[in-house]
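K.L.:
The lines below spell out each chain.
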Amino acid sequence: GAVVSQHPSRVICKSGTSVKIECRSLDFQATTMFWYRQFPKQSLMLMATSNEGSKATYEQGVEKDKFLINHASLTLSTLTVTSAHPEDSSFYICSARALSGRDYSTDTQYFGPGTRLTVL
Amino acid sequence: GQQVMQIPQYQHVQEGEDFTTYCNSSTTLSNIQWYKQRPGGHPVFLIQLVKSGEVKKQKRLTFQFGEAKKNSSLHITATQTTDVGTYFCAGRSGGYQKVTFGTGTKLQVIP
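Residue numbers (the numbering used here), protein chains in the order written: chain A, 1 to 120; chain B, 121 to 231.
Possibly wrong hints are sitting among the right ones.
What the hints assert, rightly or not - With beta-carbon atoms standing in for the labels, derived distance ranges:
#1 B:GLY136 to A:SER9: 33 to 39 Å
#2 B:GLN122 to A:LYS20: 37 to 43 Å
#3 B:ILE167 to A:THR118: 29 to 35 Å
#4 B:GLN228 to A:ARG10: 47 to 53 Å
Said to hold, decoys possible - Anything over 10 Å on all C-beta distances counts as not near chain B; from chain A, calculated:
#5 HIS7
#6 GLY16
#7 THR17
#8 GLU22
#9 ASP27
#10 GLU59
#11 ASP65
#12 PHE67
#13 THR75
#14 THR78
#15 THR80
#16 PRO86
#17 ASP88
#18 VAL119
Unchecked claim - Subject to a maximum C-alpha distance of 27 Å in a straight line, what follows is the list of computed DSSO-like cross-link-like pairs (lysine-lysine):
#19 B:LYS226 to B:LYS179
#20 A:LYS41 to B:LYS218
#21 B:LYS190 to B:LYS176
#22 B:LYS156 to A:LYS41
#23 B:LYS218 to B:LYS190
#24 B:LYS156 to B:LYS218
#25 B:LYS218 to A:LYS55
#26 B:LYS218 to A:LYS20
#27 B:LYS190 to A:LYS41
#28 B:LYS156 to B:LYS226
#29 B:LYS218 to A:LYS64
Honestly, the hints are just simulated from the structure, not real lab data. For each residue, glycine too, the CB sits at the ideal point set by N, CA and C.
Isolated chain A, as found in the complex (with noise of 0.2 Å):
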């Protein structure tokens, strides 16, 4: 199947600084990749849809200064936490949507291994 990596895989910063987190589809083109953040033994709660050469869409209560998202090619879309806090810790997954066909009840989500954040 498609492959999806992340980088880094884990990540632990102190309180105040920015931590930049890739997600790059490496043997397909992805015009949409998604970020999610999964909280312990909790579902996946979507954060942004991100489609190559736009704005990235957010979802309600998501704070679009401090999740700075940037898809700026086909296979690389970017999440920046700015101004990390210790409530910022988490595992964050971003996904990325592979076209099968012309409409989207035939794509299907490829996941990332995800990042764990620790913010000190």
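Start from chain A and add chain B according to the hints.
P.N.:
Coordinates of chain B only, in the frame set by chain A:
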């Protein structure tokens, strides 16, 4: 907003027993996807259902999409220890790209 609930939240079964998780959406879905997440891992896509009343099988796994397209189920026959993990459904409404993940069902298989 759209809510997707799953029951049960946890399930412990003896190896060889069957297992079923149910997914219910507050709104009608255009399609539903199922994922499996192993402990410490990321979600892995299992299947997508689109049609009302659709039933699909993958070896020991049977997936159903309700007639009203508001609920779905995943049934595993004769569970194995390799089935351990959390199973999530994820529903998509209308023509939107995003999916809303269900609350998940954590399956533990006792050897």
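K.L.:
Work down the list of hints and note, for each, if the structure agrees.
P.N.:
Hints, verified against the model:
Taking 33 to 39 Å as the suggested C-beta distance range, the pair GLY136 of chain B and SER9 of chain A conforms, at roughly 36 Å. Taking the beta carbon of each, GLN122 of chain B and LYS20 of chain A are about 30 Å apart, not inside 37 to 43 Å as hinted. For ILE167 of chain B and THR118 of chain A, the hinted distance range of 29 to 35 Å is satisfied, since their beta carbons lie about 34 Å from each other. A C-beta distance of roughly 26 Å is found between GLN228 of chain B and ARG10 of chain A, which places it outside the suggested range of 47 to 53 Å.
Interface exclusion of HIS7 of chain A from chain B stands, the closest Cβ pair being 14 Å apart, more than 10 Å. With a minimum CB-CB distance of about 29 Å to chain B, GLY16 of chain A clears the 10 Å threshold, and the non-interface call stands. At the 10 Å boundary, the C-beta of THR17 of chain A stays outside the reach of chain B, the nearest C-beta of that chain being 25 Å off. For GLU22 of chain A, the shortest C-beta to C-beta distance to chain B comes to about 15 Å, beyond the 10 Å cut-off, and the non-interface label holds.
With a cut of 10 Å on Cβ distances, ASP27 of chain A stays outside the contact zone with chain B, its closest approach being about 15 Å. With a closest Cβ-Cβ approach of about 8 Å to chain B, GLU59 of chain A is found to fall inside the 10 Å limit, against its non-interface label. Distance to chain B confirms ASP65 of chain A as a non-interface residue, since its nearest Cβ pair spans about 21 Å, more than 10 Å. No beta-carbon of chain B comes within 10 Å of the beta-carbon of PHE67 of chain A; the shortest separation is about 16 Å.
The beta carbon of THR75 of chain A sits about 18 Å from the closest Cβ of chain B, which is more than 10 Å, so the claim that it is off the interface holds. Interface exclusion of THR78 of chain A from chain B stands, the closest Cβ pair being 18 Å apart, more than 10 Å. Consistency note on THR80 of chain A: stated as away from chain B, and its beta-carbon is indeed over 10 Å from all of that chain's, at 20 Å minimum. A cut-off of 10 Å between C-beta atoms confirms that PRO86 of chain A is not in contact with chain B; the least separation is 22 Å.
Listed as a non-interface residue, ASP88 of chain A keeps its Cβ farther than 10 Å from every Cβ of chain B; the least gap is roughly 19 Å. Annotated as non-interface, VAL119 of chain A keeps its C-beta farther than 10 Å from every C-beta of chain B; the closest such distance is 20 Å. Between LYS226 of chain B and LYS179 of chain B, the direct Cα distance comes to roughly 20 Å. Compliance with the 27 Å bound is thereby established for this hinted pair. Taking the CA atoms of LYS41 of chain A and LYS218 of chain B, the gap is near 22 Å; set against the 27 Å cutoff, the hint holds.
With a C-alpha separation of about 17 Å, the suggested pair LYS190 of chain B and LYS176 of chain B falls inside the 27 Å cut-off, and the hint holds. Taking the CA atoms of LYS156 of chain B and LYS41 of chain A, the gap is near 14 Å; set against the 27 Å cutoff, the hint holds. Distance check on the hinted pair: LYS218 of chain B and LYS190 of chain B sit about 16 Å apart at the alpha-carbon level, within 27 Å; holds. Restraint check for LYS156 of chain B and LYS218 of chain B: the C-alpha separation of about 18 Å stays at or below 27 Å, so the hint holds.
Distance restraint check for LYS218 of chain B and LYS55 of chain A: the Cα-Cα separation of roughly 15 Å lies within the 27 Å cut-off, and the hinted pair is therefore satisfied. With a CA separation close to 23 Å, the supplied pair LYS218 of chain B and LYS20 of chain A stays within the 27 Å bound. With a C-alpha separation of about 25 Å, the suggested pairing of LYS190 of chain B with LYS41 of chain A holds against the 27 Å cut-off. A threshold of 27 Å between alpha carbons decides the hint, and for LYS156 of chain B with LYS226 of chain B the separation of about 10 Å falls inside it, so the pair holds.
Only pairs whose Cα atoms come within 27 Å are accepted, and LYS218 of chain B paired with LYS64 of chain A is accepted, the gap being roughly 17 Å.
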